[in-house]
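Student: Given chain X, work out where chain V should sit, using these hints.
Letter by letter, the chains look like this.
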Amino acid sequence: MHKMLVEKEVQPHRRSGLMTYRPKMAKKLLRKSPSSSNKFNSANMTDDFQLHLDSSDDDAPEEVTFEESKASALRSMKNALETSKREKDLLKEKRRKRQELFQEQKKRRLLPAHILEEIDTAPAKKQKLPGDQAESNHEEASCSWEEGREGSKEGYEKETKKGFKGNIRSLKGNYSVMRVADQSSTNSQQQTAMDFIQARLYGPGSQRTTNNELLSLENKRGPNKSAAMQFVNKKWGTEKKAKAEKLKKQWIQKQKVPSS
Amino acid sequence: MGEFKVHRVRFFDYMPTAIRAMAFNAHTERLALGRMDGSVEIFNFADHYFQEKVIPGKDSRSIEALCWVGGRLFSAGLNGEITEYDLENLRPKYSLEAYGGPIWTITSNSQGAHLAIGCEDGTVKLFEVLEESIQFERNLDRQKGRIISLSWHPSGTQIAAGMMDMIRVFDAVSMLTTVLLVDRGFGGSKSRETVVWSVVFLSDCTIISGDSAGKVQVWDGHTGTLVKTHLVTKWDVLALSVSKDESSVVVGTSEGTVIQFQFIAPTLQQQQDKEWVRTRTFKNHTHDVRALAEIETAIVSGGMDTQLVVRPLLEKFDERSHASALRKIQFPHRNLVFCAKKAGLLLFQFPGQLELWRLGESDGHGKPGDSLPLKRKPEKLLHLKRKGEDHICCSALSSCGGWLAYSTMSSVRLYRLQTDNNDISITKVPKLPKILRSAHQLCFSSDSSKLFAASSQSSVLVIALSQSECKYVHTLKPKSGSRQPIHLMTNSVDGKWLATANSDCEIHVYNVQKLKLHCIVPVYGSCPSAMGIHPTTNNLTMVHADQQIFEYSIVEKQYTDWSRKLQKQGLHNLWLDRDTPVTHVTFNPKNPEQILLHDMHMFCIIDQSLPLPDQKTQFYNQMTLRSLSEQERPSHLHAFKICKTFQDLLSVSLLDDQSLVMVERPLLAITSQLPAPVRQKKFAT
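Those sequence lines, one after another, are chains X and V.
Counted the way our numbering counts, the first sequence spans residues 4 to 263.
Counted the way our numbering counts, the second sequence spans residues 5 to 689.
Incorrect hints may appear among the rest.
[To be verified] In the EDC-like style, the derived pairs of lysine to aspartate or glutamate whose C-alpha atoms are separated by at most 20 Å in a straight line are: (1) K238/X with D652/V; (2) K238/V with E216/X; (3) K237/X with D652/V; (4) K332/V with D583/V; (5) K685/V with E221/X; (6) K686/V with E221/X.
In case anyone wonders, no lab produced these hints; they're calculated from the structure.
Just so we're clear, the structure is a prediction, and the values are computed from it rather than from any experiment.
Bound conformation, chain X alone:
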């Protein structure tokens, strides 16, 4: 809030570009601001205000030249940039430190280099789930080596226990196993394309009708006019007709039962 007030006072100053006079009221507000202005990092701004406050109330307003105000504006922008840079650097430092910490921790967990080399040269076996399987293989290998090692550190003992547990562990996260053959061969892009064309030709707004209607229209407009397809052709829509028959019988039954 205070920041806003202060900036408002400065802006009309800059906008005019000429020598301006600040109203007396502003000066009172300014007096209150020094305490809050100390919270800012812009030391120059406070210097500015100090200058103004030094002069007495009865004096004519200060003549502030354009160059001065321009300089102060540039300074404030530079300060803002510097603060943001500093903040970024700080964040970077923090992140670097964290990364280093993780690396160290990882190093502690890993085996000495020569054992790793030996494991890497051994041929890679089945790679079904590349990420998980590789990890578990790695851990399995590490466990077998562990047994022969003397003077194992605590970290490694922990590792072996984790390793064994890891072999029987359930897959974390949202994984499911299925065969490639079971999936349909159309991938999502192909499916989108097929849906697009289906929607354009047969989707909403395409004004389609049934084959029944097409043929019935032909019947009605042809040289020998006859009825709609489902009546002319006995085999047309047999399921619908069967259903209608069944419903009719049920209705008749219902009618009979209350009366009897």
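Tutor: Frame of chain X, contents of chain V only:
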């Protein structure tokens, strides 16, 4: 002539697949047709629109567009792959993943050096066409929407791409793109984007586009401005095709209409500028037209109603003839129904399965034309699903009903059937010879001891069958070294002869007992559409795609006298004017002079003992003969007895007990299972 009991079979639920894309090769005069199930058919337009080759589909393959580069056929589909087809072995040569997502269109430039594909992710990818393969060259600038259609400028330097709500013109020289904005439709469709379904780039830099708002728009490619809009339909304009001389453009719509625009002067005054004027409208389809091609003398269209319609343009013909009539190709030009004559079983071939049915029985007697009551209904004995993704290419059933075989592009399977009273058991024959990988045609010998499989380069593999195993015996190779596949195969009843016909119109006759080539029938210009070997005389009867009939004596290695007589007299005009080919030739064991043939609309018995009709005799004379008295009849008889009672025939066979089996598939039943057509409001309905 004879009375026959007829088994009228209508329980074959044959359902053809919708046509999705087509491409015409003007050099070889072949039309390639891509269907929704991934199968590709090649029609020979120089030979009476005969369906020469069929490459079966595959579950994972989808075809959105086809294009020819020279004699090579390429297709692209929503699975993101470009496939080149081997037309000699009827299989895909290779498939190249384009890594752009689903591919919507593929087109080649007029020089035949590059292929451009339009992908779902907004890229236009250019491929270089090499000797044996294609190679990725580069991507054009990636766009924000999907690329639905593409067209090369004849010079090969510019490509027009139809996308959502706009057309982009890419220039290879200046690397700039021009954007032509397509506006949306009226009323409710303002909220949906307009899809530019097809676009055509002409050599004078005019671009013609058809979009989902039903408009056909003519743009000036130089300035990028709209010249004219034609609102053609309320629904989508799905396909566009331009003629070779760029004077006519045909447009296919969702309504099933095909509209022609021609580049002519709108009035008869001289010195009038030519412009694109809407001239003709054809309504030959009931459902959406999704594929169009304008060839020199005709407009070929196909769509969701599965029919291929060839509409010849009448101004290109001097007189009304058979060549200028409308042609509709509805059924395939090959057999899908196989009959075991001794056992009374029928095998139906579907792309995904095989069905084995036993025919019903009836005891009754009646007058000609009566329906006899059924003592036992026909029953489905077996429903055999195919293994794997490839669709079934061909199948065969032995005449005793004991063996069943089918082939896909990747494997051949052989089964042994045993029927004990009412039970049927099927066992698969496990180890087939390794050489039998896939077959284009399969045929059992009449004593079920051998299986003949047509393999690559017109060769035939002979496999000997014993109780429940099989052994490879020999490969029969033709002398001509033809690389074309065999599409017809037939063998004689006495098991001595085997005749094969391939797409090069060559017919070879092999001696099965000596396992060598016996003779080659003189090549006739048209492809044979049906062949049969007579049980007693061993004469090979051939019917060609142009409806000519020949009879060749295998033993004497020359044409028979009857055949020479027929050729001298010439066939009747009404016979030659039929527009569907004969797909099956069979014989009557009890009457050796009869030849039974059928095509989609008629069933014919040719009696070789009767005189041949000349041009003036009444050809369809069965009804007339019935009305004549006994004395008058003999003078009016002629050899061709045609029956049109049974329509939409898929197959006709004669069982050993002298009853005919007619397998019909009413077109109405096919129409009832098609996807939804558009709703058209007609006055007073």
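Student: Does the structure break any of the earlier hints, and which numbers would those be?
Tutor: Checked against the structure, no hint fails, so every one of them is satisfied.
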